[in-house]
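From first to last, the protein sequence lines stand for chains R and U.
Numbering follows my numbering, with no gaps: position 55 of the first sequence is 55.
Numbering follows my numbering, with no gaps: position 174 of the second sequence is 1174.
These aren't lab readings, by the way, just hints derived from the structure by calculation.
Keep in mind it's a predicted model, so treat the numbers as computed, not measured.
Misleading hints may appear alongside valid ones.
Straight-line C-alpha distance at most 27 Å; calculated DSSO-like pairs for lysine-lysine [as the list claims (entries may be wrong)]:
1) R:K168 <-> U:K1075
2) R:K263 <-> R:K22
3) U:K1075 <-> U:K1106
4) R:K263 <-> R:K168
5) R:K168 <-> U:K1104
6) U:K1075 <-> U:K1104
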Amino acid sequence: MQTASERLRAAFFPNLRWVLTKIERIAVPLLLVAVWEAFSRSGALPQALLPPPSAVLHALGDWMFGIDGSAQDYSGTWLRNALASTMRVAAGFAIAAALGIVLGTAIGWSRAIEATVEPTLQMLRPIPPVSWIPLAIIWFGIADRPAIFLVFLGAFFPVLMNTIHGVKAIDRNLIRAGAMMGASERQLLTDIVVPAALPSIFAGLRIAVGSAWMLTVTAEMVAVKSGVGYVLWDSYYFLRYDMVIAAMVSIGLLGFLSDYGIKLLMARVLRWQRTTVRRGA
Amino acid sequence: MAEIAIRNIVKTFTDRQRDQDVLAVDNVSLTIRDNDFVCLLGPSGCGKSTLLNMIAGFETPTSGRIEVAGQIVEKPGADRGVVFQQPTLMPWLTVAENVAFHLKLKGLGRAERRAQAQAFIDLVGLTGFEGHYPSELSGGMNQRVGIARALLMNPRVILMDEPFAALDAQTKIEMQEELVRIWERIRCTIVFVTHSVDEALVLGTRIAVMTRRPGRIREAFDFDLPRPRDVTSPAFNDAKRNVLGLIREEATRIRHAA
Ligand SMILES: Nc1ncnc2c1ncn2[C@@H]1O[C@H](COP(=O)(O)OP(=O)(O)OP(=O)(O)O)[C@@H](O)[C@H]1O
Ligand SMILES: [Mg+2]
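Just need the whole structure built from these sequences, with the hints factored in.
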């Protein structure tokens, strides 16, 4: 039997706690935005140099929906630019993921492939992807392709390294169990090695999607005439710092959404980990 | 007919980090007949798992050879089912899919796999857990999945490496009885590794007692006490005294040599 007070607590307390945790989470960001707004309006700095959040929101709104034309040329073009950037990220990321997983599995599995291929890759890896920009432009011109190439470079190595690690870390007895049940070498790879390496591969994919956005934006600043990164850099030339910040916010949002997408996929594919994840979290 | 012939097996591991060789198994010969239930009995680290791994084809002997059904063992194969010392299940597959993994490798469809796996899941007492993942089961339950997985392949030979070590006393007794029933029914050859004298004497039709590392066969003898075996009966205790005597003799010999 529940007492009246227990019933009351049961009815209200979970909600109260839920509200409290929500407040806990958004308190700091809200405070920061408020301080920024106040500081920016105080006149300590010219407002053009640090536009208040309200101005940024205004610019972003017009950029997205073309409300009053305050974003000038960019009014209402957000979706087009966001899509352009997203396509570049998706293309470079997909190529990097496919190649990174295949090559990483091969390197992790076979000593011979490791010995012949890995030293070359390790020599290329320390070269920052952005330093490829000049070559990317002379090879691929000014359009989508240099951007996709850079995204590929940035996303490839995290996937590759994590796949190699995942494959090498497999319990030897798991391979033995597969061989005992009659698996061919190909079946060992597809049915045991790759599934066993998936947690590590996904860790690589999440790092990779971060680099992919970083490199798309960089490429768009120098080598492409569309996309969120291009808008950012162009607005800088026209002293529209509200638009610069709106572009930064957009990139953050898009990056967050793509990472969230991978997280959702991961939760589905690595469903079997759920108990361990819950315990670890 | 000799189902498994182990001929003068020597296994040395080369430890590259410490630059020294470890002699794990030293000149072991053992003949195992069709339908034997052999218990390999020996202290920890004496090379039982190593010997079993060589029969399974996971390790190659440094010298000597092993034949199973007249064929020299070169690599693992589905004719020899292995139950590992650790459960060694695919963590991303459910119980049913783990048990049916062999059928998946053979290209059978999902429904067929599921149907065939069910009988073995029931047999090891895991009915109702078909859809669970290994991380959601206890160690002993996982070990039973490993047994079901080996049985499903219907192998000529089943190699078991201390499969019941992680089980509680009651489940252990149940599983031992179940294993004997299964063995009597499907008529396969079992090599069962254990360090428990009682377990060896409850299960085996043939007991091979190994020495401390480097492992040799101290003595191998047939043991045909009728079943069900009563661990408190005089006949059982006589056998136990005999085996313990062998082990004690061995310990004294080592102490004197030292
Ligand atoms: N891969 C290896 N490399 C080097 N030494 C090894 C290796 N595997 C086993 N050994 C050595 O061989 C010896 C026998 O090992 P093994 O695992 O066969 O023992 P065991 O009889 O199964 O012991 P336990 O009952 O504890 O499982 C041990 O001394 C061990 O140190
Ligand atoms: Mg062992």
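Hints, one by one, checked against the model:
no. : hint                : in the structure
1   : R:K168 <-> U:K1075  : holds (21 Å)
2   : R:K263 <-> R:K22    : holds (21 Å)
3   : U:K1075 <-> U:K1106 : holds (18 Å)
4   : R:K263 <-> R:K168   : holds (24 Å)
5   : R:K168 <-> U:K1104  : holds (24 Å)
6   : U:K1075 <-> U:K1104 : holds (20 Å)
Figure legend: structure checked against the earlier numbered hints; every hint is met.
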